[in-house]
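Model the full assembly from the supplied sequences, consistent with the hints where possible.
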Amino acid sequence: MDVDLPASPDSAAWWLPPSPLLRRCGQQVRSDVRRLGLWRPGDRVGWACSGGLDSLCGLRLLAWLRRSLGHEITVLHIDHGVQPDRAVGLDLIRTACANLALPLHIAAVVVPTGGGWEGRARTARYAALAALAEQTGCAVVATAHHADDQAETLLMRLARGAGPSALAGIAPQRGDGVVRPLLALQRSQLAALHGQLPYWTDPSNANLDFTRNRTRHCALPALNAVQANAVGGLARSAQAFSLHEQGVDAWISVALAGAVQLTDADLTVPRDRIPPVAGAQALFLRWVAAQLSVPAPTVAAVHAFVELASRPQAGRIAIVGLDVTQTRLLWQFARRVANANGQSRSLQR
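In terms of the working numbering, the sequence shown has 136 at position 136, counting the first letter as 1, and numbering is strictly consecutive.
In short, the hints are calculated from the structure, not lab data. Being a predicted model, the structure only gives us computed values, none of them experimental. Do not rely on the hints blindly, as some may be mistaken.
Said to hold, decoys possible - Simulated restraints, written as ranges between beta carbons of each label pair:
{"id": "1", "residue 1": "Gly175", "residue 2": "Ser19", "range": "29 to 39 Å"}
{"id": "2", "residue 1": "Ala257", "residue 2": "Ala171", "range": "23 to 33 Å"}
{"id": "3", "residue 1": "Arg311", "residue 2": "Gln28", "range": "47 to 57 Å"}
{"id": "4", "residue 1": "Ser19", "residue 2": "Glu307", "range": "30 to 40 Å"}
{"id": "5", "residue 1": "Ala257", "residue 2": "Gln332", "range": "11 to 21 Å"}
{"id": "6", "residue 1": "Val88", "residue 2": "Ala225", "range": "31 to 41 Å"}
{"id": "7", "residue 1": "Ala257", "residue 2": "Gln28", "range": "34 to 44 Å"}
{"id": "8", "residue 1": "Ala108", "residue 2": "Pro270", "range": "51 to 61 Å"}
{"id": "9", "residue 1": "Gly114", "residue 2": "Val248", "range": "16 to 26 Å"}
In this text, a Cβ means the ideal position worked out from N, Cα and C, and glycines have one as well.
Next comes the structure, spelled out in structure tokens:
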């Protein structure tokens, strides 16, 4: 649904006032957008906005950066239809869009209640955002994920025993056109920038049944009491893991240049090109998963692969997303997909 909004007399209040904090935050976001290539001058950026503090302040910041970055903004809002006071958030978005002279587009999704609702709602929301972005000519969909979200993600994954790939945290740029330009900013900075203007608080954010909320309201405050600016430290750690993963990927690609046979569904490489060292085999398996666009291997999958590699004879294992075959001379990997019955089948030709 397209919305045409009149500006109100207090439109100046929605433009961020000049301040040292605005200059620092603006410079950080501008630098990240350019350095990472999140979008280009002239691109239309679809800004996902819930009406909460993060997305409203992020919207105001991106509006302030339009002149220097040269982008256009279309505001995208997804209505899940479950929050009892969601109209409050939408009214605030309408007000912001009117006063910043920005177009607003709204879509509704229906997510049945039950176990795993949070994950299913996220999937539905991103699908709806992608559809709106295509309809409105947006080059990317930008979200308001920030350093606190990054810290929470890293903590939760550490607690689950995740490996280096997962510890890279929230990516600033996904392969499906979703970008996160605010990852270097903390929630406290956004709150200070937003000032006294209103914002909507999603009541579900206080529900401690959700792991992220327990991490946000219980674990992070306790960690901050032990280590000052733990949020900033965790966010920097995630960035370090991300750079490490990018470097490893680049070096593996160089090391295996000319030896890999790769299609959309399978990958083959000579066995003697992979060092007989568990750490190297683990990095190689993670690289293969990325090449075939399947989930990063779990710790159990890595152990199974390393155990298979230790055998002199041929063998085969099935792990999440991959069929792995070892012959006398070759490693062969075939991507797997789930069929309508939830069963996995190989795509190997």
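How the hints compare with the structure:
no., hint, verdict
1, Gly175 with Ser19: 29 to 39 Å, "holds (36 Å)"
2, Ala257 with Ala171: 23 to 33 Å, "holds (25 Å)"
3, Arg311 with Gln28: 47 to 57 Å, "holds (50 Å)"
4, Ser19 with Glu307: 30 to 40 Å, "violated (58 Å)"
5, Ala257 with Gln332: 11 to 21 Å, "holds (19 Å)"
6, Val88 with Ala225: 31 to 41 Å, "holds (33 Å)"
7, Ala257 with Gln28: 34 to 44 Å, "holds (36 Å)"
8, Ala108 with Pro270: 51 to 61 Å, "holds (53 Å)"
9, Gly114 with Val248: 16 to 26 Å, "violated (39 Å)"
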